[in-house]
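Asks: Line order of the protein sequences matches chains A and B.
Take 0 as the starting number for the first sequence in numbering that gives the first Met the number 0 and just add one per residue.
Take 0 as the starting number for the second sequence in numbering that gives the first Met the number 0 and just add one per residue.
By construction, these hints were calculated from the structure, which means they are not laboratory data.
Where a beta carbon is used, it is the ideal one built from N, C-alpha and C, also for glycine.
Worth double-checking, as some hints may not be accurate.
[Claimed, not checked] Covered, in the sense of this in silico footprint (three residues per stretch, anywhere, with C-beta under 8 Å from a C-beta of chain B), are these stretches of chain A: (1) 70 to 78; (2) 98 to 106; (3) 113 to 120; (4) 466 to 474; (5) 508 to 514; (6) 702 to 710.
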Amino acid sequence: MPVAESPLIATEARVPRKLASFAASPRVRWADRAAKWIISGFGLFVILTVVLILLFVGKEAVPLFYAPGSKEKSSLTMPALGKDVRLLSWSVDEFQEYSYGLASDGHLYYISNADGRIRHDIPIQGLLTDHPEMVWVSPSGDQMIAAMAHGKIKILNLEFHLEYGKEGQQVIRPSMKESPTLNVLAGRPNREASVERIAGSYQSVGETLALAIYFRDGLLLAGTWNAASQSLDLKPVETTISGKPTGLVIDNDARYLMLSTDANKIYRWDLSENAKQVLQVIEPSRKGSYVSAMRALIGNVTYILGYNDGSVEAWFGVRREGGSVFVKVREFDRHSLPVADIAPSSVNRSFWTYDMQGGLKMHFNPSARKLYTFDAGGPIRGVAPNSHLNGISVLGANGAIRQWDLHNPHPEITWGTLFSKIWYEGYEHPNYTWQSSSGSDNFEAKFSLTPLVVGTFKGAFFGLIFGIPIAVFAALYTSQLMTSQIRSFVKPTIEIMAALPSVVIGFLAGLWIAPFMEKNLVAFLLAPPLMLTLILTGSSFFFRLPLKQRSRIPQSIELGILFALIALSLFLAHILAGPVEKLCFHGNIQQWIYDTTGQKVEQRNSLVIGLAMGFAVIPIIFSICEDAMSNVPRHYISGSLALGATRWQSAVRVVLPTASPGIFSAVMLGFGRAVGETMIVLMATGNTPILSLSPFNGMRTLSANIAVEIPEAPYEGSLYRVLFLAAALLFLATFVINTAAEVIRLRLREKYRAL
Amino acid sequence: MTSPANISQTIRVHRTSESIWKRGDHWVWLTGGTLVLCLFMIMIVVGIILVNGATFFWPKDVRLYEMKDGKKYLAIMRQKEVIPPAQARDQKLQADPNRRMVMVGNRDMYSQDFVWLNDQEILSSSRPPDVWVMDRREYGRFIGYLHFLQTKDRKLEGAEAAAVLPKAMERARELFDRIYRIEKSDIGAVNLQMERARLRQRKVERLGQGEKMASEIRSIEQATASLKEKYDAYVKEIAQLRSEMGQDRIGLEDVNGTVKELPMASIMEAWQPNQMGFFAKTGSYFTRLADFLMDDPRESNTEGGVFPAIFGTTLMVILMSIAVVPFGVLTAFYLCEYARQGPIVRAVRIALNNLAGVPSIVYGVFGLGFFVYFIGGNIDRFFYADALPTPTWGTGGILWASLTLALLTVPVVVMATEESIMAVPRGMREGSLALGASRFQTLKNILLPASLPGILTGVILAMARGAGEVAPLMITGVVKLAPSLPVDGLTPYLHLERKFMHLGFHIYDVGFQSPNIEASRPMVFTTALLLILLVIALNLGAILLRDYVRRRYTTGAFH
């Protein structure tokens, strides 16, 4: 076979070299050679491009799954601060220029992360005599609440100014604003106890900071501090608490207050209604352990609980009958020692947990992914992630400062978040959800591809069940049962159908078919059976005519009759729709479907998609089928007819099996087109990414999702890469389908060649 | 060994009692029915677009509806339907009443362009002869009466005003066009030069030093100052023209007698449909059709013309063809003539066939990542660093969109070219080689001319595909409203980095993203009609060309 295909090469090879060179002048030979190189170059270039597309689309998606990278940046030693002076908090600025903290002598010390020296030392007036005993610092490190003896507190606001020095280098200058010293025990003269726990809200709502203070003698105060009016409004929360508190969290609106104790209890109050009322008391652990650390993640919905047995869990409030209930949502990679504390990030839902001996882990909440495990080499005093998420500074109890550079741009992506059910904040149970963005800063991005994949196949399915029978039968009729005169008109018409831009089909489907079908749903459902009945009745009459008369009727008339029958059945469907709807569906089929199946009938539903997508795939399937059927050797059919088979019998028993490879490949190609179709789905569905198989609502497909979301996706962000992943999946799916179609076609062709 | 009696019995059985089902006669009609259904659907789709799209500009009669409750509407009929039974029940109407949607226009006076009228509520309907319909630059269409016409020195009313109206409109339009020209091209040029001067200054400040830098900056500042002067002169001229334009005013009166005064220049087109005969209507139809084809869009694309979209589509298709033809054709020649036939070439062919089936959005994603962000981003970094962070090439543009579509259509061109090269009879090729021609000479003198129609078919098919494709363009450079065309009178004349408008995207945008969908829907039909006419014309051309090629070689003497 190869020899017969390329006789030229064979012939040329046999020409003696000398003769060839004799025949051509140098210029011709040069041109010949140049042409060969140029043409081959172009050819190979295009082929390379093909490979490039696949590689590039894949390459953009792959970083989603990279293991997080880290590098230990420096290991410094804490400079001596003075006798009995220790740091009460530990934070780092966004550029990781300084690690800083409030010390027990009332100074703010800023330690250079480069050389470990103290760069700035800001003494705080009110704290120099009344030394602070305990400090709460926000995850972003810009807000501190310092508590002194006798119930006095001070609120500090820290800022960093980016300036440029003489030689143009960046200089970061810290500054600080302090509130007056406030006495929270004013008017409570008998209280002398010191502060046990203190908590503030992560973000101020307007000028208001929420805060809560727990005193060693059991007094719990919660309320707000307004920076503008310099007013403090704290109310006691009166509850008997069993055990020693291990964690205290108040949310931004000063509404929900949570306190965990070492008696395996979590108390949850709703402060908005009645400050005295405990909303819920939870015993989080069933294993005899207790919560040893508790913090909220950004957004104040999800709480991270660390236990004294080393396990780490996420909990949040879920709406249930009778109000909000605090439930466990997921577990994270556990420590082997009791969890000492938790350091949440101020920008996303990542957080660090560390245990008593310096084991340090970073987790990400919805994905439950463990990103890093470090060993600080001993007990840890403070952990400070920076707000660019690319560094962490750890202060050890022995005074060692260790820093790591981090690189994990897509912590929220795992195969789990992409394809399995995830329980997101605000949902009542785990779900497949796609919601990539929202107006809120604290938004939890949800990247489940499952509803999109299901939507893609759902759309293709409805398109194909409408398209395949029509296209295959029409092709059979065109190739086997039609005169060539009419065929020469039909085929270009179908080719024009193939050329209609999908944006036009989608537009018609969305703005014309969808509202039309909404009004005439019954007629649409009645039309197919009516067509079938009318055509069958018509053919019963027609084929009862004597053969002589029948054969005198030209085929165009036959088709004309069919046309009239179809038009008539549509008309009848329209006429009958009203009475049928009244009779069978109580006058409103949409309501009837809703009542019987609980399924709301949307205007832009899968039936509309089926029609429009069917319209788009019919010409593709038709053309390839028709080609395959026309290529069935004429003598097969002649033989069959000669043996007494009717036209139809030979078409079905001879042509269909012989052409089946082609039909199969046509169907597969139609499927490929339906899977990748974008504009029709974009325009003719509601584009809601819900997971539903009902024909009466819409869908969002992978392709439409890409088209809608990628213009808004930040370059190289998670959404951008997830969309590239979706594109790569589409590419692979169609590639596999097409190649499979081609291979199976070749194999089946071999089989039927023996026929 | 059957006896003759048996045979005759068999035959009889065959003829009579075998059912129609078994013979398959029913099936013949059923399959025929599916084909007819296909054709029926094509007719419906093309028919709907044709009817809705082609009649949009026909000046329809305006009717005066007087309702039972005393309200009056001057309106153009849009559609009629049976009131849904549930709604009819709620409103206590009798069985199966009709209602009609009519266009009342005058968006500036009423809140909505369209109202639904129940047929039972209509007391009378008439055709007042002196009604005007006017297309305005703002607030959509006006339907009502002409109340007065105010020029510099006099005020006309009634028939006099109507007589002067065309002339007044002509004058206003001239002034408007002059202002438009100054704003668009003259001020545009000044702005562009100023922007370039600014970027040059930034570059000088970044790279230069010492005295040379100071003198360069001084000269740039001088140039900027003179540009500013020019700009001010233009602004002054515009102000003067505007005040001149503002002297002509028109008073419009709606059906309730409310009079609204507008500047003459806000009227684009005016006609009196109820007085027009068939020919007058035809004339008006073509005027408005021409406006539609030649004008810029107004009111966020829901009115005005689609000229930038037509221009953008055409230019994009041309750029795409320039990119796709050499690559597609040379690849086909490589595969047919130069590559050693073997498993690799077979694999490449399968890959190319497969590529034709890869969803277009995937190409778009590739184009965005590779052309826009990777190549464009790097061009910006190296050559347009002064304009950063505003991207020049690192954002969607007509070049990137064209290249993306070129990739998408490469398989189309390769396959069509291959088919036509294969169709060239072997004898022609062998004859050429036997006469001593080199392989390249054979290719150039025999194969290329012979396969040219086939190549052309491929290119036309690729163009049709490119013109109708929208999804990949949406993410590589098409916008809802482009501020300027990619070609203009400012150097370098062809601005390949600019974003552009596209007919297909226009359909999607106006049809699905527009706030006033009822008003803009007919326009979308017209755009769709334009697009499918373009695509169908290209496809028909390709089909005819292909048939010509096939006939030429099947009757060829060499075969």
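Asks: Hint by hint, note whether the structure agrees.
Replies: Verification of the hints:
no., hint, result
1, 70 to 78, "violated (count 0)"
2, 98 to 106, "violated (count 0)"
3, 113 to 120, "violated (count 0)"
4, 466 to 474, "holds (count 5)"
5, 508 to 514, "holds (count 3)"
6, 702 to 710, "holds (count 5)"
Violated hints for the displayed structure, listed by number in ascending order: 1, 2, 3.
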